[in-house]
Each structure stands twice: as C-alpha cells, then as structure tokens.
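Between the sequences and the hints, there should be enough to build the whole structure, so can you do that?
In the order they appear, the protein sequences are chains A and B.
Residue numbering for the first sequence follows this note's numbering, starting at 1 and increasing by one per position.
Residue numbering for the second sequence follows this note's numbering, starting at 1 and increasing by one per position.
A couple of the hints might just be wrong.
[To be verified] List of simulated lysine-lysine pairs, BS3-like, C-alpha gap at most 25 Å: (1) B:K33 <-> B:K10; (2) A:K116 <-> A:K139; (3) A:K184 <-> B:K93; (4) B:K32 <-> B:K10; (5) A:K200 <-> B:K10; (6) B:K93 <-> A:K200; (7) A:K292 <-> B:K42; (8) B:K33 <-> B:K130; (9) B:K93 <-> A:K186; (10) A:K290 <-> B:K93; (11) A:K41 <-> A:K10; (12) A:K188 <-> B:K93; (13) B:K10 <-> B:K117; (14) A:K116 <-> A:K130; (15) A:K30 <-> A:K88.
Calculated directly from the structure, the hints in this document are not laboratory data.
Take a look at the letters that make up each chain.
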Amino acid sequence: MEQKLRQEAKALLEHKKVDWIIGFAPGSLKFTATPLITNDKDDTERLVINPFMVNNLADFLTGLEGRVGIVAKGCDSRSIISLIQDNKLAREDVVILAVPCPGLIDLAKVERLVGKYRDELDDISRDGDKVTVTADGQKKEFTASQVLFDHCLACELPTPQEYDILLSEPRPPAPELETSGQNKAKLKETPPAERWRFWKNELSRCIRCYACRNVCPACFCQRCFVEETEPQWLMPIPRWQDNLNFQIIRNIHVAGRCTDCGECERVCPVNIPLRSLTREMYDIVGELFKFKSGMDREAQPLMVHYEQEEAEDSFR
Amino acid sequence: MTQQPEWEPKLLGFLCRWCSYAGADLAGTSRKKYPANIRIIKVPCSGRVDSLFIIKALRLGFDGVLVSGCHPGDCHYLTGNYRARRRIAVTKKFLEYLGVEPERLQASWVSASEGGKFAEVVSDVTDGLKGVGPNRLFSESKLDGTEAKAGS
Numbered sequence: 001m002e003q004k005l006r007q008e009a010k011a012l013l014e015h016k017k018v019d020w021i022i023g024f025a026p027g028s029l030k031f032t033a034t035p036l037i038t039n040d041k042d043d044t045e046r047l048v049i050n051p052f053m054v055n056n057l058a059d060f061l062t063g064l065e066g067r068v069g070i071v072a073k074g075c076d077s078r079s080i081i082s083l084i085q086d087n088k089l090a091r092e093d094v095v096i097l098a099v100p101c102p103g104l105i106d107l108a109k110v111e112r113l114v115g116k117y118r119d120e121l122d123d124i125s126r127d128g129d130k131v132t133v134t135a136d137g138q139k140k141e142f143t144a145s146q147v148l149f150d151h152c153l154a155c156e157l158p159t160p161q162e163y164d165i166l167l168s169e170p171r172p173p174a175p176e177l178e179t180s181g182q183n184k185a186k187l188k189e190t191p192p193a194e195r196w197r198f199w200k201n202e203l204s205r206c207i208r209c210y211a212c213r214n215v216c217p218a219c220f221c222q223r224c225f226v227e228e229t230e231p232q233w234l235m236p237i238p239r240w241q242d243n244l245n246f247q248i249i250r251n252i253h254v255a256g257r258c259t260d261c262g263e264c265e266r267v268c269p270v271n272i273p274l275r276s277l278t279r280e281m282y283d284i285v286g287e288l289f290k291f292k293s294g295m296d297r298e299a300q301p302l303m304v305h306y307e308q309e310e311a312e313d314s315f316r
Numbered sequence: 001m002t003q004q005p006e007w008e009p010k011l012l013g014f015l016c017r018w019c020s021y022a023g024a025d026l027a028g029t030s031r032k033k034y035p036a037n038i039r040i041i042k043v044p045c046s047g048r049v050d051s052l053f054i055i056k057a058l059r060l061g062f063d064g065v066l067v068s069g070c071h072p073g074d075c076h077y078l079t080g081n082y083r084a085r086r087r088i089a090v091t092k093k094f095l096e097y098l099g100v101e102p103e104r105l106q107a108s109w110v111s112a113s114e115g116g117k118f119a120e121v122v123s124d125v126t127d128g129l130k131g132v133g134p135n136r137l138f139s140e141s142k143l144d145g146t147e148a149k150a151g152s
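What follows is the structure in structure tokens.
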C-alpha cells in the first residue's frame with residue numbers, strides 16, 4: 001500500500017495533476033507519524049502509512065493554494081466532503097488518495113495497559129484483530145478494541161466514500177458504539193446538576209491553548225468569536241466559566257460539520273474528554289435532522305438548510 | 001433590616017421585530033397582564049439569534065432566555081425562523097446534556113396578532129423558572145447563591 005501511495009503521489013506531482021501532496025512522513029519520535037506537505041516529487045519517497053497517522057489532514061487543505069493531493073482515511077475524507085459542502089473547497093481541486101483504515105492505535109491506551117511510557121516500548125505491531133506490544137523482550141497481546149482510539153471504534157466510514165485513487169481493498173464499517181461511547185453513556189445517567197459539575201471540573205483544567213480549535217478541520221473561521229473584542233463574548237483568561245462557554249459555543253458552531261474525528265480530544269494537553277461533547281452533538285444532529293456530516297457531497301450544510309416540518313417540540 | 005423580597009426570575013427575551021415584538025406590543029395595548037420579569041431585546045429576525053447570545057445571557061446571570069419569532073412560513077425574510085429553529089433545537093438539546101435545566105432556554109412562535117399568546121408564554125416561562133430557581137450555573141459558590149452573580 002505504501003509503495004502504491006508513493007508511486008501515485010509522485011506521478012501526480014510529475015504530471016502536474018496537483019501542486020501539493022499532503023500525507024504522512026515518519027515522525028521524529030517512536031510510534032509517530034508527522035504530516036508532510038510538499039511540492040517536491042522526491043519527498044514522496046518519505047510517505048508512510050501506519051497505525052499512528054493520527055492527524056486529520058483535512059485541516060491543512062484550506063491553507064493551500066492550487067490543487068492538492070491528499071492522503072485520506074475515512075474520517076479525513078468526511079472532513080473533506082464537509083469542507084466541499086461548505087464551499088471552502090472545490091471537488092476538482094482535491095485528489096483524494098483513499099486509505100482504507102483499520103483504526104489507529106491510541107498510545108495513551110497502550111501506556112495504560114502495559115504500564116510503561118511510549119519510549120520504553122520496543123515495538124507495536126498489528127495483525128488483524130491482534131496487537132502485540134513488545135517491551136523489555138516481553139510480548140503482550142491485546143485485542144484491537146482495547147488499544148484503538150475511541151473514535152476509531154465508533155468509525156462509520158473506514159474507507160472514504162469519495163475518492164480518486166483507492167490504495168487497497170475497501171474495508172466495511174463495523175462500529176462498536178457501546179465500547180466507544182461508554183463515558184458518554186455513564187454521564188447521561190447522572191442527574192443534571194452532577195453533569196454540570198462534571199464539566200465544570202473538567203473544564204477548570206483548560207488552559208485555553210485553543211489546540212482543539214486549531215486542529216479542527218470544521219473550525220475554519222478567519223476570525224474566531226473568542227478573539228472578538230467588540231463585543232467581547234468571552235474573557236480570554238482561563239477561568240472555568242469562560243472555558244466551558246468556549247466549548248459549548250465551539251460545539252454548537254461546528255454542529256453539522258463535526259465528523260466525530262476525535263482530534264480535539266487527542267490534542268488536548270490536559271486530557272479533557274472533549275469527544276463526549278462532540279459525540280453528543282453528532283448524535284443530536286443525527287437524531288433531530290437525520291444528518292450525518294461529511295457523508296454526502298450533494299447534501300446541504302445543516303445550518304443553512306431546513307425542512308418545513310421538523311424539531312417543533314422545542315417551540316411553544 | 002429591610003425585608004428580603006421574594007425572589008423573582010429575570011428573563012431575557014429576544015423578540016423578532018416583525019411578529020413577536022409586535023405581539024408584545026399588542027399584549028400591552030390590549031392590556032393583557034403578564035409578568036414584568038421579562039426584559040426584551042428587539043432583533044431583526046429570530047434567525048439573528050446566535051447561540052452565543054443565549055449562552056452569554058446565562059453567563060451574565062439571567063435565569064432564563066426566551067427566543068420568539070414568527071410562525072414557520074410567516075418569516076418576513078422567508079427562511080430566518082426555519083434556521084433559528086434548527087439552531088435553537090440543537091442548542092437546547094446540547095445544553096440539556098451538559099446539565100442546564102431545560103426551562104432556562106425557551107422558544108416560541110408568536111405572531112403580531114397574538115398578544116394573548118405572548119402574555120401566556122411569558123407567564124408560563126416565568127412560572128417554569130420559578131420552579132427551577134435562580135441561575136447559579138456560573139456562580140463560584142456551590143452552596144449559597146441567593147443572588148445570581150453577574151459575570152465578566
């Protein structure tokens with residue numbers, strides 16, 4: 001698959017079919033991959049495909065001029081489609097190199113299971129549903145659902161629906177919603193006051209680094225409401241009230257664009273379970289409007305479209 | 001010592017200028033009685049109401065927010081209230097999930113000829129808010145909070 005990707009990417013650049021290639025190169029640390037944005041055809045030799053290519057590359061699309069070839073997992077492709085729906089991108093300007101994705105390995109989960117930091121591990125290899133972790137010469141075996149990201153377990157689209165070049169056999173979706181939605185389900189059972197306290201506690205850790213916003217392909221506003229000063233919607237100081245409001249508004253603003261790719265939770269430096277927010281919004285939108293973001297290129301964006309009869313029970 | 005007055009909820013209303021605001025006017029001119037708990041902000045259309053307004057109002061200590069616009073199909077700008085409907089529905093559900101009492105965000109369709117309905121809606125919403133008590137969502141104190149603190 002990697003070989004095919006490199007050939008295709010090189011050919012695209014050589015034949016001037018695209019100006020840029022966005023993909024993954026080996027990271028500088030163990031078990032990482034780093035985004036690679038290049039217009040140099042020799043760079044394509046560095047492209048990799050592995051279970052650690054966590055970033056959602058669609059985030060880089062809006063910043064580039066010209067035609068772009070992009071390596072896309074299922075989740076990335078949904079973000080790309082969502083950008084196309086919103087007219088941030090033209091379908092002709094992007095060449096999607098589709099990677100059928102078996103799910104990405106969450107190093108934090110591996111660390112917790114093995115009890116060692118990631119740099120103390122020697123090897124992580126995956127064979128089908130089995131993941132083998134080697135540390136100090138000892139091998140430990142886990143099932144995929146133990147070590148994959150929660151959002152990968154909930155994945156509804158491992159193979160991009162919309163693509164130009166498919167790099168291997170498509171994978172059928174097999175979402176494990178129960179395992180992936182445990183935190184949210186537990187939270188939903190608690191009384192409202194308790195839930196508010198939960199989020200208050202979680203968000204009191206927030207340092208307002210805005211990593212969640214910057215990494216989000218759905219957050220593409222030129223000027224974000226948090227930086228507005230007239231009127232000033234939020235105080236910039238990291239106080240829990242403002243932190244929580246920031247997350248509430250951010251989630252409402254990306255409703256119908258958020259594809260539950262889980263990037264915000266992954267990048268959070270203080271481990272706030274943001275996916276329990278985004279997933280709820282994803283579910284609300286699905287339940288109320290039967291809308292799944294990034295699934296259908298022809299669909300109207302959620303918030304600019306309407307039906308004559310819908311969602312009336314919120315109104316008197 | 002002055003006597004502690006009975007707590008009254010503070011309600012912020014975003015009324016569309018074409019229907020609900022005129023409806024409120026009619027409620028006044030036809031001398032309908034409704035609670036004075038509502039403070040009204042006139043907006044060009046219910047579609048103008050961003051969720052930011054709602055959250056900010058709660059953050060500033062309002063006990064509840066009422067968004068009111070023209071009935072579906074009657075929007076002066078044709079589609080504004082349909083969009084408001086989607087936005088409000090999503091906001092309401094999401095706030096509920098976070099643990100905000102559903103009574104705090106209310107929405108209604110009130111046309112310019114429905115002064116009576118406007119009075120009814122405001123009384124209902126105010127009663128609902130009296131049921132859930134003062135907004136202490138964003139206050140620092142956990143136990144005591146007779147006074148809803150204004151933020152920022």
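Okay, the hints, checked on the actual structure:
Taken as a hint, the B:K33 and B:K10 pair is honoured in the structure, with Cα atoms around 17 Å apart against an allowance of 25 Å. Pair hint A:K116 plus A:K139 holds up; C-alpha atoms about 13 Å apart against a cutoff of 25 Å. Of the supplied pair hints, the one linking A:K184 and B:K93 holds, its CA atoms being roughly 15 Å apart against a limit of 25 Å. Of the pairs offered as hints, the one joining B:K32 and B:K10 holds, with about 20 Å between alpha carbons and a cut-off of 25 Å not exceeded.
With a C-alpha separation of about 23 Å, the suggested pairing of A:K200 with B:K10 holds against the 25 Å cut-off. Of the supplied pair hints, the one linking B:K93 and A:K200 holds, its CA atoms being roughly 18 Å apart against a limit of 25 Å. The suggested pairing of A:K292 with B:K42 is violated, with an alpha-carbon distance near 34 Å, which exceeds 25 Å. Between B:K33 and B:K130, the direct Cα distance comes to roughly 18 Å. Compliance with the 25 Å bound is thereby established for this hinted pair.
For the given pair, B:K93 sits about 17 Å from A:K186 by alpha-carbon distance, which is consistent with the 25 Å threshold. Using a Cα cut-off of 25 Å, the hinted pair A:K290 and B:K93 holds, with the two alpha carbons roughly 15 Å apart. Proposed proximity of A:K41 and A:K10 is supported: the alpha carbons are some 5 Å apart, at most 25 Å. Restraint check: the Cα-Cα separation between A:K188 and B:K93 comes to about 12 Å, which is no more than 25 Å; the hinted pair holds.
As the CA atoms of B:K10 and B:K117 are separated by approximately 20 Å, the hinted pair is consistent with the 25 Å bound. Straight-line distance between C-alpha atoms of A:K116 and A:K130 comes to about 19 Å, which keeps the hinted pair within the 25 Å bound. Between the alpha carbons of A:K30 and A:K88 the distance comes to roughly 35 Å, so the proposed pair goes past 25 Å and is violated.
Checked against the numbered hints given earlier, the structure breaks hints 7 and 15 and satisfies all the rest.
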